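2 protein chains.
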Amino acid sequence: MKTDSGLVRNAAGRLVPTVSNGKEQVPYKGVAKYKPEGTKVAPPIASCKDYPADGNKVVKDLKTALKAAGLKDGMTISTHHHLRNGDLVANMIFDIAAEMGVKDLMWFPSASFPCQAKNIDHMDSGVIHHIEGSMNGPLGRYCSEGKMRGMGMLRSHGGRYQAVQDGEVHIDIAVIAAPTSDSFGNSNGLTGPSACGLLGFALADSQYADKVIVVTDNLIPFPCIPWQIQGNYVDHVVVVDKLGDPEKIISGTTQITKSPDRLLIAEMTAQFVREAGLMKEGFSFQAGAGGTSLAFAIFLKEMMKDEGIKARFIRAGSTKYQVEMLEEGLTDYILDGQTFDLEGIRSMRENPGHVWTSPFTSYNYHGKGNFASLLDIVILGATEVDVNFNANVVTHSDGLLLHGIGGWQNCLFGNCVILPIPSFRDRIPVLVDEVTTLCGPGELIDVIITERGIAINPLRKDLLDAVKGSSLPIKTIEELKTGVEKLCGGAPQKPKFKDKVVAGIKWVDGTLIDSVRQV
Amino acid sequence: MKTDSGLVRNAAGRLVPTVSNGKEQVPYKGVAKYKPEGTKVAPPIASCKDYPADGNKVVKDLKTALKAAGLKDGMTISTHHHLRNGDLVANMIFDIAAEMGVKDLMWFPSASFPCQAKNIDHMDSGVIHHIEGSMNGPLGRYCSEGKMRGMGMLRSHGGRYQAVQDGEVHIDIAVIAAPTSDSFGNSNGLTGPSACGLLGFALADSQYADKVIVVTDNLIPFPCIPWQIQGNYVDHVVVVDKLGDPEKIISGTTQITKSPDRLLIAEMTAQFVREAGLMKEGFSFQAGAGGTSLAFAIFLKEMMKDEGIKARFIRAGSTKYQVEMLEEGLTDYILDGQTFDLEGIRSMRENPGHVWTSPFTSYNYHGKGNFASLLDIVILGATEVDVNFNANVVTHSDGLLLHGIGGWQNCLFGNCVILPIPSFRDRIPVLVDEVTTLCGPGELIDVIITERGIAINPLRKDLLDAVKGSSLPIKTIEELKTGVEKLCGGAPQKPKFKDKVVAGIKWVDGTLIDSVRQV
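These protein sequence lines map, in sequence, to chains A and B.
So that you can map any letter, position 357 of the first sequence is 357 in my numbering, and since no number is skipped, the others follow by simple counting.
So that you can map any letter, position 464 of the second sequence is 464 in my numbering, and since no number is skipped, the others follow by simple counting.
Okay, chain A solo, but in the shape it has when bound (with noise of 0.2 Å):
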């Protein structure tokens, strides 16, 4: 069923390319449907005759290590975003190899931030082919302009691991930027200046990539504990002045929304996860730092105070007020999978409740199960959301790319899965007829709340009964389409697509699920 433009229809009925970056694509075949075959990949078989008998594996500066790590053209390179917006590694790594002379690079990010929009010189010029990875802001929308010369990927978190993992993408070195590092390579992230929490983004870089590099501003004697990257997957270890900008790494404190729209699906999401006897004694939640979700947690946690309820565990990007629930004795565990705030660094320091997890042992979805699908409740976003209750989180709806897909499409796998989220934004609706951009699948999703009511996924009849004769305000999806949409002045206009595909959108087995296409 291949198109004209080398282009197929997948089981979601979205034209998916059938090659990328030369690479075959295999489409979305539905979810729990592709069956993956082979074993997983694994790098050359190392010797410590080749490493330093005393463990010390310094070297004198960055272009060293990359020299050593034999950087040449056409390699795939990859970086990690646990210092988010204050990253300042990923664009030493290509100056140098633009000071090189090398050219065609793969960056492979877990993440890229405005932060690295310097990076887009280093496309121009040719340094960089293109980016596999979430694009955030300018990048993102030098991709949605099609400007890049390569195709973007797009891969949740667990997606990456798999990715890697499968063999789909080789790194060739791997720079992982490690807040505390020894010389032999065992690294956290959670002392020193540029403490960021933990390093899991980097785990499957560490264990697959052919050379790995660590860059530190703080060197400690050996040994590095706890070690979040082991030493034993590294070879070469840099030391620099800084790493990142300590308050672009982490928010001094975290921001609660003060939106009275947002504060009301707040709590009403709350009031739902209650009356639908979601909440109840050992049960488990996993809600992230976005300020809706941040709220809901907050209300959560008053109404399991109230009814002396505690959490088994709680899953998060961590913030102060997991932490306080924790340290409260409203869960024995917080499995956590980055921290946004101080006061997350410091309890995972503290807490031996405090767990650093991976998208290994979270997300991979080629693995013997993994931990998103044991949650009782997943709090989520999105930026659109369909009457078949499909959601996009990486496109706006005049189409351009801005959002990567960070662990939203594993968190979907959870056992009830909401998405409190406002009926519109601008004016402009967030419900839709269609999403631009199929992220997941209607199927996993369960519940729609917004200010205007709640919409439960009629697959999903067992919540239905559970909130049969509450005050909730349940309606249809299509019901609270049509009164955003009489709100707003009807739907939002289609975005004006080129035909040119920018990026590809992963579903969480490899599988291609959409495509985003020039602006």
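Read the hints as simulated data drawn from the structure, not as lab findings.
Heads up, a few of these hints could be off.
Identical chains share a label here; the pair holds if one copy fits it or two copies do between them.
In silico lysine-lysine, DSSO-like type, Cα no more than 30 Å apart, as pairs [as the list claims (entries may be wrong)]:
1) 280 <-> 60
2) 49 <-> 242
3) 147 <-> 33
4) 67 <-> 500
5) 35 <-> 49
6) 63 <-> 486
7) 29 <-> 49
8) 33 <-> 67
9) 118 <-> 67
10) 60 <-> 33
11) 280 <-> 310
12) 49 <-> 280
13) 35 <-> 67
14) 500 <-> 486
15) 496 <-> 305
Bear in mind that the values here come from a model prediction, so they are computed numbers and not experimental data.
Place chain B on chain A using the hints.
Relative to chain A, chain B alone:
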């Protein structure tokens, strides 16, 4: 240079088989001479779609799990010796295999113990074809007497990890006895009635086996924290009444030698360490749980206190003596490979500075370095040492194969390797012309300390210089040997071997350093 019998002389001058159990073997090439090629192996790609979404992998019983894992003739089944001579699980496995009529299994324990002597029946009846792994006591004797159908293969802890990682041994089913586990398979050895400390010996098996079964007698709600074994690698969880006999799993108290000769040796060893300038601020050492090693640690501890010196880390097999040093502030860390007594387990549960490690971090020679080579001082034992400082740890002078290699070979890469040993046992000299079985090449063994004097390897001029002028009884190894032969009435009789090779001895890089003949 193949001989008629399929043997070849390796770089140490030892005859080793070119083929063992149908697999081609590489003869030992010398220390740091063999260069591995190719990539590590990798297990089949799994998919979450084939595992329960609620994470509950518990099946009815071990038989159900083994059937689900596809147990059949000729497979390789691995087990681990965390429960030491108290293990009940290995016997269960092969009893079930016998009941199912399965034949010709390869048993791949990290070590086997007298409590598993029952498996001799399963070897006689054909259920087990042969054992590759350390064989302590009756199983070693069975092998030594030429009764095993296949060839035994002894590997160090690091060599076992290397063999699995490199694909020399393909594990079909790993069975991990876990003192605490959740239904997802996250497991540890820290709590529960069969608590043993840690589960590091099962790490390679969990990562590389096709199927992984966790057996526990202490199932707790998800999540089991910490996860020494990650549930994401686990296929099935089985709950049994009893994993092992606690009093045989772990010692209530640790025994220090009471022998005046051994105490003298231990004290001389501590004196040597001080006189040679090895005991200095921030140093590191590893001493095992044997009576002499423990006594050494106690003498050393007093010297450290006297001189106000603190270690950065101790590598262990931990006992209450290492724990005391940690808790008294005499070391920052214990990097522990196995705990030998109740205090060791308690400390590992309670002290963040008591860190569990694995053969991957500490011993794997085919990694990007390992911890063993970072040690300043390593204290080891031996059954025999020869005039070239070569040492034997697996056979006695009568040729019987009664011990495993453990981490012994891996530890030889430490900076100063000291063997405090009695010069004779049961009136048989320990110092000999040529070791019965070569386990460690003399170039890696630096100092022999006996009750009759100290011999320093002539290769270590630095050590000879360091103790020049001290009161230590420094002699040549020949002098020591002549002295003890005079005392015992001559050199020990050579054991009488038959032609049949019953076992191979692997070096840390997977090459064959020696072989053991039938007695």
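Hints versus structure:
no. : hint        : verdict
1   : 280 <-> 60  : between (55 Å within a copy, 28 Å between copies)
2   : 49 <-> 242  : neither (32 Å within a copy, 44 Å between copies)
3   : 147 <-> 33  : neither (35 Å within a copy, 51 Å between copies)
4   : 67 <-> 500  : neither (36 Å within a copy, 52 Å between copies)
5   : 35 <-> 49   : between (40 Å within a copy, 9 Å between copies)
6   : 63 <-> 486  : neither (59 Å within a copy, 63 Å between copies)
7   : 29 <-> 49   : between (47 Å within a copy, 13 Å between copies)
8   : 33 <-> 67   : between (43 Å within a copy, 25 Å between copies)
9   : 118 <-> 67  : within (22 Å within a copy, 57 Å between copies)
10  : 60 <-> 33   : between (50 Å within a copy, 28 Å between copies)
11  : 280 <-> 310 : within (8 Å within a copy, 50 Å between copies)
12  : 49 <-> 280  : between (55 Å within a copy, 27 Å between copies)
13  : 35 <-> 67   : between (39 Å within a copy, 22 Å between copies)
14  : 500 <-> 486 : neither (34 Å within a copy, 90 Å between copies)
15  : 496 <-> 305 : neither (50 Å within a copy, 77 Å between copies)
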